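Participant: Sequence:
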Amino acid sequence: MRPSSFSGSTSSFTTPAWPSTRHARFLIKTWTHEFESDPDSQPWTVFESLFCHMKKHQAFYEVLHTTGRDNVLRISLREKIGLTQELANEEAYRKAFFADGISGWIEEWIERGMPETPGELNESLRRYVDDVLSNLNQLFVRP
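At position 98 of the sequence shown the residue is numbered 98 (full-length UniProt numbering), and the sequence of numbers has no breaks.
Since the hints were derived computationally from the structure, they do not count as laboratory data. A portion of the hints provided could be inaccurate.
Said to hold, decoys possible - Okay, the calculated beta carbon distance ranges per label pair:
id	residue 1	residue 2	range
1	120	39	36 to 44 angstroms
2	79	38	16 to 24 angstroms
3	29	100	14 to 22 angstroms
4	134	36	28 to 36 angstroms
Unchecked claim - Restricting the straight-line Cα-Cα distance to at most 25 angstroms, the calculated cross-link-like pairs of lysine to any residue (SDA-like) are:
id	residue 1	residue 2
5	55	136
6	80	22
7	80	134
8	80	100
9	80	60
None of these values were measured; they are calculated from a predicted model. A virtual CB, placed ideally from N, CA and C, is assigned to each residue, including glycine.
Turn these sequences into a full structure, and let the hints guide you.
Facilitator: Below you can see the structure in the form of structure tokens.
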């Protein structure tokens, strides 16, 4: 029997349609709408806002992850930033790098049980980006 909602059923999770990637897309679109309609939203607050959304729905996203369906986040991020086949190659590569990097960051956070608060995770991401930009030459191993 398929559960009617995430929190309302104790049924088995063996149904292929559960957890619903449709519900995941709905949650992500809801977050996007809320973020974009908030007059206080700024580009530099987007990640913390996304992390707060993920933490708020932690149980759902953990099940999505453990059932191997968390690629919906990556796909949704790619769609949101306009990654399409019509883009020039370089622009497409940039957008793919960005979307896949953020979704990978989130997937690893989920894999580890989401121990950090959204603020801590956001700060960790900020430090990482700063480190990468300031130490880019150290990332390359020379023979």
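Participant: Now tell me if each hint is right for this structure.
Facilitator: Consistency of the hints with the structure:
1. A beta carbon spacing of about 26 angstroms between residue 120 and residue 39 contradicts the range 36 to 44 angstroms that was offered as a hint.
2. Checking the proposed 16 to 24 angstroms range against residue 79 and residue 38 shows it holds: the Cβ atoms sit about 21 angstroms from each other.
3. Between residue 29 and residue 100 the Cβ separation comes to about 20 angstroms, which falls inside the hinted range of 14 to 22 angstroms.
4. Between residue 134 and residue 36 the Cβ separation comes to about 31 angstroms, which falls inside the hinted range of 28 to 36 angstroms.
5. At roughly 31 angstroms between alpha-carbon atoms, residue 55 and residue 136 are farther apart than 25 angstroms, so this suggested pair is violated.
6. Using a Cα cut-off of 25 angstroms, the hinted pair residue 80 and residue 22 holds, with the two alpha carbons roughly 16 angstroms apart.
7. For the given pair, residue 80 sits about 28 angstroms from residue 134 by alpha-carbon distance, which is inconsistent with the 25 angstroms threshold.
8. For the proposed pair residue 80 and residue 100, the alpha carbon gap of about 12 angstroms is at most 25 angstroms, so the pair holds.
9. This hinted pair checks out: residue 80 and residue 60 have alpha carbons roughly 21 angstroms apart, not beyond 25 angstroms.
Hint violations for this structure: numbers 1, 5, 7, all remaining hints satisfied.
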